[in-house]
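So the sequences go chain by chain: A and B. For the first sequence, our numbering gives the first residue as 1, with consecutive numbering after it. For the second sequence, our numbering gives the first residue as 1001, with consecutive numbering after it.
To be clear, the hints were calculated from the coordinates, so they are not data collected in a lab. We treat Cβ as the ideally placed atom computed from N, Cα and C, and that holds for glycine. Where hints are given, some of them may not hold.
Claimed, not checked - To be clear about the criterion: a stretch of chain A counts as covered by chain B if any three or more of its residues have a C-beta under 8 Å from a C-beta of chain B, and this derived list gives those stretches:
{"hint": "1", "region": "280-290"}
{"hint": "2", "region": "302-310"}
What the hints assert, rightly or not - Far from chain B, by Cβ distances over 10 Å, these chain A residues were calculated:
{"hint": "3", "residue": "Glu21"}
{"hint": "4", "residue": "Ser47"}
{"hint": "5", "residue": "Gly55"}
{"hint": "6", "residue": "Arg64"}
{"hint": "7", "residue": "Ala67"}
{"hint": "8", "residue": "Asp86"}
{"hint": "9", "residue": "Glu103"}
{"hint": "10", "residue": "Lys237"}
{"hint": "11", "residue": "Phe257"}
{"hint": "12", "residue": "Glu296"}
{"hint": "13", "residue": "His317"}
{"hint": "14", "residue": "Arg331"}
{"hint": "15", "residue": "Gln336"}
Residues per chain are reported as follows:
2 protein chains.
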Amino acid sequence: MTVLGYWPAEALGLWVQKVFETMGCSEEHAAIAAEVLLEADLKGIDSHGVARLPGYVRLWRKGRINAQPQWRWEQRLPAVAVLDADAGLGLVAARVAMDRAIEMAAVYGTAQVLVRNSNHFGIAAEHALRAVPHRMVGWAMTNASPLVAPYGSSERLLGTNPLCYAIPAGNRKPLVMDMATSAAANGKLELAASRNQAIPEGWAVDAQGLPSTDPLILQKGGALLPLGSDPEGAVHKGYGLGALVDWWSGVLSGASFGPWVPPFVDFLEPAPDQPGLGLGHALGATAIEAFLPIEEYNQRVEQWAERILQAQPAPGHPPLVLHGMPEWSTRAHRLQEGIPFTEAQKRPLHQLAQELGLDTPHENTTSLR
Amino acid sequence: MTVLGYWPAEALGLWVQKVFETMGCSEEHAAIAAEVLLEADLKGIDSHGVARLPGYVRLWRKGRINAQPQWRWEQRLPAVAVLDADAGLGLVAARVAMDRAIEMAAVYGTAQVLVRNSNHFGIAAEHALRAVPHRMVGWAMTNASPLVAPYGSSERLLGTNPLCYAIPAGNRKPLVMDMATSAAANGKLELAASRNQAIPEGWAVDAQGLPSTDPLILQKGGALLPLGSDPEGAVHKGYGLGALVDWWSGVLSGASFGPWVPPFVDFLEPAPDQPGLGLGHALGATAIEAFLPIEEYNQRVEQWAERILQAQPAPGHPPLVLHGMPEWSTRAHRLQEGIPFTEAQKRPLHQLAQELGLDTPHENTTSLR
C-alpha cells in the first residue's frame, strides 16, 4: 500500500463540498457533510471518510438519499425531540440533531434527540464531540445495515451499531470512546484479505453460524460476531450493546431496525415491508456544570486521566493510552502534512470527479512537513 | 454444592429487613434494602443477594456505612440532580435517586441523577427496572473497588463497573442488559477455583500484568481483564466502557474514582488521599412516550423481539434468547419454590443471626412446588 501523495485537508474538504453541492445539497449542508467526512480522514479512520463519498453519490442517484430534505421536528416534552430527516444525509441530520440536544441540555441539564428516516452519519465521534466545547459530555449512536449475527445464530440481525461518548478532559484533549459493538470492524477483514491472511477466531462466522477464519467470509454469506466473540469472552454483552444501540436508534426513533435496516450499498435493495423509516440515530448531551463547578471537575478529570497514564505497564507493553489519544495525534499530523492516499484511494475519487464534471482533488506529491 | 433447603422469598425478605433494622436503619430503608438484595437471589444472581448481607453489617460496624444517613440533594438544572448519600446504604440511595430521575423524566422526557458518598448498590437491574412501569427506559451504573487492569498494565485501575439498561417490551417481560464491563465476573473465578479448574485465557492477568489461567490469581495480586480480553478481541472497548462508567459514576458525581474507590471488604482500608466521597452511581430514565405513542412503540418492540427469537440457530445451538429472559424465568421459579441454599450459603447467615440475637431465616427442607 504505497502512499502516492497527500491531499491538503482544506482543499480536500472544499472538493468534497463541491461534490455534495453537485448532488443538489445547499451550500450549508454540503459544507457540514464535507466537514464530517473529512474529520474521519484526519483522524485516520479512512474507511469512514471521503472513501465513502462515491457511495453517498450512488445512493443519491438511486433516489435513496434526498439532497434537499425538509426536516420535520417532533417535540412532546421539553428535553427530548425527534428529527425526521426526510431521507437526507445522515452526516447533516446527526449534526443538526446534536446541536439541538446541546441547546436543550444547556437549559435542562441533559437532553436527547433521536433521528429517523436518515442515512449513514459518518463517524460517531464527530457528532458526540460537538458537546465538548459547551462543557458537556456528548454521545452518538446509530444503527446500521445488518452484518452481525448474535453468537449461536446464522442470521445477520444487527449492524455493527457503533456508540460513542466524548468527554471533556480539562487541559487535555477530549476523551473519545468510539466503538462498533462487533468484535471487529469490516475493515479489519478487508485488510486481512488484502494480505491473504486468516482472521482470528472470534471475529466472524460462516453462513451456517459456525466459527470461520476466512477473511472473505462476509462475501460468502457469513457474519461478524458481537464484541466478546464467544460465551467464554462474554459475547452476550456485545450482543446486548448492539441490541441496545438498535433499540435506541431504531425501535424508539421510528426508524427501521434489526435485519430490516436499509443497506448502504446501492446494489442491494432495502428489504420489503420496512418496519420504519430509514436508519436511526440517537444523540444526547449532559452538562458537566449541572453536577460540579467546572474548575472542580477539571481538576478531578485531570487527576483521573493522569493516574491512568502513569500506571505501571506489564512487561513488554507500552504505557497505557486514553481513548481518543491516537486519533488526536494522527489528526495533528494530517492537518500539517495532508491526508496520505494510495492508488486504491485515489482512483474512485478521480472517477467520481470525471462523472460529475469536476476537477480532481488537489494533491501534493510529498508531505508538507 | 448440595442444596440443603429453600428459603421462602417473603420470609427471607422480612428477615433481611430485620437485620437492617438491627443496624439502625429506619423501617422504610430496611425494607428497600431487603427488597433490592432479595431481587438478586430471586433472579439467580446469588453473589449479589443476601450472601452480601454480612459484608454490609461488617462495614457498618467499621463505621463505613451510616445506617441513618441525612440525604443531601443538589439541583442546579431542572432535569438533573446529585444525591450525597452521607455514606448510607447504596441499596437505598440508588433506589431513591432512580425514583427522582423517573419523576423528572416524566416532566422533561429524560433525566439523570448521580449519587456520591455511597456504598455498593446491589444489582444494577433492580434500579434500572424501576423505570419500566412508568413506560420509560431506565439505566443504572456504578463504580466499584479496583479489580480490573486495562490490558497491558499491571495495575488495578478500575472496578468491574457494571452498567444496566432496562427496556419496556410491550406484552413481553422487560429486556434487561445488565453487564459488568470486565470479561468475567469474580464469581466465575471462584467457581473455577472451587472445582480446581484453570480459567480461560482472557479473563485475568497476574501481578505483573501478564496472562494467567490460575483461578486464584486475584488472591495473588492479579487482576481481571476488561471485556474483549486482548487486542484481537478489541479489549480497548471493554476498557473504554469501564472507564466511561467510572467517569459518569465517580468523576462527574463527586465520588471517589479509579484505583481509589473504597473496597467493599471491611479488612481493607480505603486508600488515603481520597479524591472524592465513597462510591458513585449514575442513574437515569427516558420516557418512551416522548418519542412514540405507546401503542405504536409496543407493536414495534414486539416485532423486533420476536424477529430475534425466531432467528435460525447455528447447528448445535439453541434458539437465541433476549437479555433478561433467563433471570425472569429463574425468578418465577424461585417465587414459587423458594430460594435454594447450600451449607456455604446458610452458615454465614446463621452466624449473623447469632451475632445480632435474631432468629435464623425460616427454611423449608423441600421445594414448595
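(message) Quick check for students: does the CB of A:Glu21 sit more than 10 Å from each CB in chain B?
(response) Holds, because the least Cβ-Cβ distance between A:Glu21 and chain B comes to about 33 Å, which exceeds 10 Å.
(request) Say whether it holds or is violated: A:Arg64 keeps its Cβ farther than 10 Å from all Cβ of chain B. (result) Per Cβ check, A:Arg64 is outside 10 Å of chain B; nearest 22 Å; holds.
(request) Mind verifying the non-interface call on A:Phe257? Its CB should be farther than 10 Å from each CB in chain B. (result) violated, 6 Å
(request) Check, residue by residue, whether the region 280-290 of chain A contains three or more positions whose beta-carbon lies closer than 8 Å to a beta-carbon of chain B, and give the verdict. (result) Satisfied; 6 residues make the cut.
(request) Decide, holds or violated, for the assertion that all CB atoms of chain B are farther than 10 Å from the CB of A:His317. (result) The assertion about A:His317 is violated, with a minimum of 4 Å to chain B.
(message) Is the claim that A:Gln336 lies outside the interface with chain B correct, judged by CB distances over 10 Å?
(response) Since the minimum Cβ distance to chain B is about 26 Å, A:Gln336 lies beyond 10 Å and the statement holds.
(request) Confirm or reject the statement that A:Ala67 sits farther than 10 Å, beta carbon to beta carbon, from all of chain B. (result) holds, 27 Å
(request) Run the C-beta distances from A:Gly55 to all of chain B and say if the shortest one exceeds 10 Å. (result) Non-interface label on A:Gly55 holds, nearest chain B Cβ at 25 Å vs cutoff 10 Å.
(request) Confirm or reject the statement that A:Glu103 sits farther than 10 Å, beta carbon to beta carbon, from all of chain B. (result) holds, 13 Å
(message) Just want to verify: A:Lys237 was marked as not at the interface with chain B; is every Cβ pair farther apart than 10 Å?
(response) Answer for A:Lys237: violated, closest chain B Cβ roughly 4 Å.
(message) Three residues or more, CB to CB closer than 8 Å: is that satisfied between the region 302-310 of chain A and chain B?
(response) Holds: 4 residues of the region 302-310 of chain A have a Cβ under 8 Å from chain B.
(request) Just double-check A:Asp86 for me: nearest Cβ-Cβ distance to chain B has to come out over 10 Å. (result) holds, 18 Å
Checked against the numbered hints listed earlier, the structure breaks hints 10, 11, 12 and 13; every other hint is satisfied.
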